[in-house]
Amino acid sequence: MKRRSEIALRAAITVAVLAALVAALWSSEYEWDFRPAWMYRKLYLKGLGMTLSATLAAYGLGFVLGIAIAMARMSRRLAVRHLADLYVELIRGTPFLVQLTIVYFGLAPLLRIDSKFLLGTCALGIFAAAYMGEIFRAGIESVQRGQFEAARSLGLSRGQTLRHVVFPQAFRRMIPPLTGELIALTKESSLLFFIGLAEMMASARHVGANTYRTFEAFLVVACLYLTITVPLSLLARRLERRLGRSDRGGVAL
Amino acid sequence: MSAGIELRGVCKRYGEVVALEQIDLAVGAGEVVVLIGPSGSGKSTLLRCVNGLEAPDRGTVLVAGRAVDAGHREIDALRAEVGMVFQHFQLFPHLTVTQNLTLAPRLVRNQERTTARERARALLDRVGVADKGDDYPATLSGGQKQRVAIARALAMEPVAMLFDEPTSALDPEMVGEVLAVMRKLARQGMTMLVASHEMGFAREVAHRVVFMDSGRIVERGPPGRIFDAPAEERTREFLSKVL
Chain P
55 MKRRSEIALR AAITVAVLAA LVAALWSSEY EWDFRPAWMY RKLYLKGLGM
105 TLSATLAAYG LGFVLGIAIA MARMSRRLAV RHLADLYVEL IRGTPFLVQL
155 TIVYFGLAPL LRIDSKFLLG TCALGIFAAA YMGEIFRAGI ESVQRGQFEA
205 ARSLGLSRGQ TLRHVVFPQA FRRMIPPLTG ELIALTKESS LLFFIGLAEM
255 MASARHVGAN TYRTFEAFLV VACLYLTITV PLSLLARRLE RRLGRSDRGG
305 VAL
Chain W
-18 MSAGIELRGV CKRYGEVVAL EQIDLAVGAG EVVVLIGPSG SGKSTLLRCV
32 NGLEAPDRGT VLVAGRAVDA GHREIDALRA EVGMVFQHFQ LFPHLTVTQN
82 LTLAPRLVRN QERTTARERA RALLDRVGVA DKGDDYPATL SGGQKQRVAI
132 ARALAMEPVA MLFDEPTSAL DPEMVGEVLA VMRKLARQGM TMLVASHEMG
182 FAREVAHRVV FMDSGRIVER GPPGRIFDAP AEERTREFLS KVL
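Residue numbers (the numbering used here), protein chains in the order written: chain P, 55 to 307; chain W, -18 to 224.
Here chain P stands alone, though its shape is the one from the complex:
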């Protein structure tokens, strides 16, 4: 019952704030004109498609690389551990825009790659992997050492222990931060316009430049980003609640 009234209150506040925002924009002296933006709707949709595909491709790459990094950071070999540490430090210690520029102007000509999509998603995936590796590592390390020992004492091999005891417990705890990372990556992908990838940000810039309706062009793109990120964030919160409940007993995923 308490939950229901809380949801109602949240909804009311959200609607009030949005209404106030729209009212404030409308009553200003600025003359609104969303027709140019509407004219370019196909460009927006193309941009949206590119944003989604670049984000998902980068997420996939980040996921695989991230697991490798997490494994490397927990390796028994010092050299392997250190290499992974170095990777994480270098990537997390520099802005993505700088990394993207280095890849685009430095590595791409060297490696003779000219697909902007490939370059952009690789750069973004490499960036994401550093963060996702930390999520995986924290998730695996959150499973108590005693769980590992209990499984081994029953005769399970190392691999069986990881697969049937450690990963299932770790993965549940990683779902919320992994969803958060997907949201962050969706937004981060807007920087790919910088190398000329025709994603949503590029669409907005194009519309703004051609119609001089920059304000409207970017309000539209902001709304488009929100239609991706808000549902994801609601989903993450829902999962977190359900998982919290199952940790205390009952309710499987």
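It should be emphasised that the hints constitute simulated quantities derived from the structure, not laboratory data.
The beta-carbon is built from N, C-alpha and C at its ideal position, and this holds for glycine as well.
There's no promise every hint is true.
What the hints assert, rightly or not - Computed list of chain W residues with no C-beta within reach of chain P, every gap over 12 Å:
| id | residue |
| --- | --- |
| 1 | V(-2) |
| 2 | V(-1) |
| 3 | G11 |
| 4 | R60 |
| 5 | E62 |
| 6 | P74 |
| 7 | M137 |
| 8 | V186 |
| 9 | R201 |
| 10 | P204 |
| 11 | G205 |
| 12 | E213 |
| 13 | K222 |
Stated by the list, open to error - Which residues of chain P face chain W? A partial, calculated answer using Cβ under 7 Å:
| id | residue |
| --- | --- |
| 14 | L115 |
| 15 | A192 |
| 16 | S196 |
| 17 | G200 |
| 18 | Q201 |
| 19 | E203 |
| 20 | A204 |
| 21 | S211 |
| 22 | Q214 |
| 23 | L216 |
| 24 | P222 |
Using the hints provided, position chain W relative to the given structure of chain P.
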């Protein structure tokens, strides 16, 4: 001695700290040996050496005549033969009680799902939690958890069972139900090596009591003699504090 546990000259150090110093101990088939001694005396480390969770620096550990320090695969197989019960239960929280019991038999022994489930039901009945099979561990009391943990170890049909302070994390009113299960197990002829502070249980159930201090075995003998007429001053001192 072939079905039992044997430690010969086992030594283990953590840096400067001596965890085990020249341990010689044999537990015969069907024998119940209770290890007593202050915290940090090496009881836990000794148990962990028996199923290979710790590797001794020197000496050998034999289970059913096989060396525990053998190669990787061999040690997995050996672990399956020795059940271990932990102080903090270590049930798998993402699995139901029944799944906790069937996981290892299915993966390690390739048991059929139905066979494994039937055997799990029988074991849960034996430890008195037959009605909890579909529940998750988090919903159980401490005493129930530990009884399920014992059943989980028994599901592998071990030749011997190790108990690492199985009642130390329990509320006092739940100690009895766990000890009752262990008592029953001992009477059925299970080989048991138990680290415990339950002197009453040791006196009643153990064939032999071993007193450890600072990684050494100070004294060993039948419970009557150890408790009523300890030969060593250190044993007397310890017992006067705990009895």
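Verification of the hints:
| no. | hint | verdict |
| --- | --- | --- |
| 1 | V(-2) | 19 Å, holds |
| 2 | V(-1) | 22 Å, holds |
| 3 | G11 | 21 Å, holds |
| 4 | R60 | 5 Å, violated |
| 5 | E62 | 8 Å, violated |
| 6 | P74 | 7 Å, violated |
| 7 | M137 | 6 Å, violated |
| 8 | V186 | 22 Å, holds |
| 9 | R201 | 25 Å, holds |
| 10 | P204 | 27 Å, holds |
| 11 | G205 | 32 Å, holds |
| 12 | E213 | 32 Å, holds |
| 13 | K222 | 29 Å, holds |
| 14 | L115 | 28 Å, violated |
| 15 | A192 | 18 Å, violated |
| 16 | S196 | 12 Å, violated |
| 17 | G200 | 5 Å, holds |
| 18 | Q201 | 6 Å, holds |
| 19 | E203 | 6 Å, holds |
| 20 | A204 | 4 Å, holds |
| 21 | S211 | 5 Å, holds |
| 22 | Q214 | 5 Å, holds |
| 23 | L216 | 12 Å, violated |
| 24 | P222 | 5 Å, holds |
Figure legend: structure checked against the earlier numbered hints; hints not met, in rising order: 4, 5, 6, 7, 14, 15, 16 and 23.
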